[in-house]
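Q: Start counting the sequence shown at 0; every next residue gets the next number (numbering that gives the first Met the number 0).
Hints were generated in silico from the structure; no laboratory data involved. No incorrect hints appear here.
Label-pair distances were calculated between CB atoms; the ranges are:
| # | residue 1 | residue 2 | range |
| --- | --- | --- | --- |
| 1 | Leu85 | Arg44 | 13 to 21 Å |
| 2 | Val89 | Pro29 | 29 to 37 Å |
| 3 | Asp58 | Lys28 | 26 to 34 Å |
| 4 | Asp58 | Thr32 | 18 to 26 Å |
| 5 | Val89 | Lys28 | 33 to 41 Å |
For lysine to aspartate or glutamate, the following DMTMM-like pairs were computed, each having C-alpha atoms within a straight-line distance of at most 25 Å:
| # | residue 1 | residue 2 |
| --- | --- | --- |
| 6 | Lys88 | Asp58 |
| 7 | Lys62 | Asp15 |
| 8 | Lys62 | Asp16 |
| 9 | Lys62 | Glu36 |
| 10 | Lys28 | Glu55 |
| 11 | Lys66 | Glu55 |
| 12 | Lys66 | Asp15 |
| 13 | Lys88 | Asp65 |
| 14 | Lys66 | Glu36 |
| 15 | Lys88 | Asp15 |
| 16 | Lys88 | Asp16 |
| 17 | Lys88 | Glu36 |
| 18 | Lys88 | Glu55 |
| 19 | Lys66 | Asp16 |
Note that beta-carbon positions come from the ideal geometry of N, C-alpha and C, so glycine has one too.
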Amino acid sequence: MLNRLDSRLRLAYWQDDFTVLNVRQVYVKPLNTSVTELLLYCRGRHTLGYLTQSREPFDGIPKPGDKVSATLRITRPDRWRLFVQLIQKV
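With these hints in hand, go ahead and build the complete structure from the sequences.
A: So this is what it looks like as structure tokens:
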């Protein structure tokens, strides 16, 4: 039998130009902080990227419709969330 959970492609690192489709503030209770959830689109694929306050760019959080160059990375191998390491408007 094939275990579908283990057969998925696991993305550890992704650097590309994205279009921001949606921006939402999310409060994380265990960390007692808020993060920005970005819905990003690139080459026919959608992904969620989480932007922490310490990684926010100097020119502000991107708005829907903005073109950005971003680097996404998972924090741990057993996690599926992609966190934004670097983001800048194009």
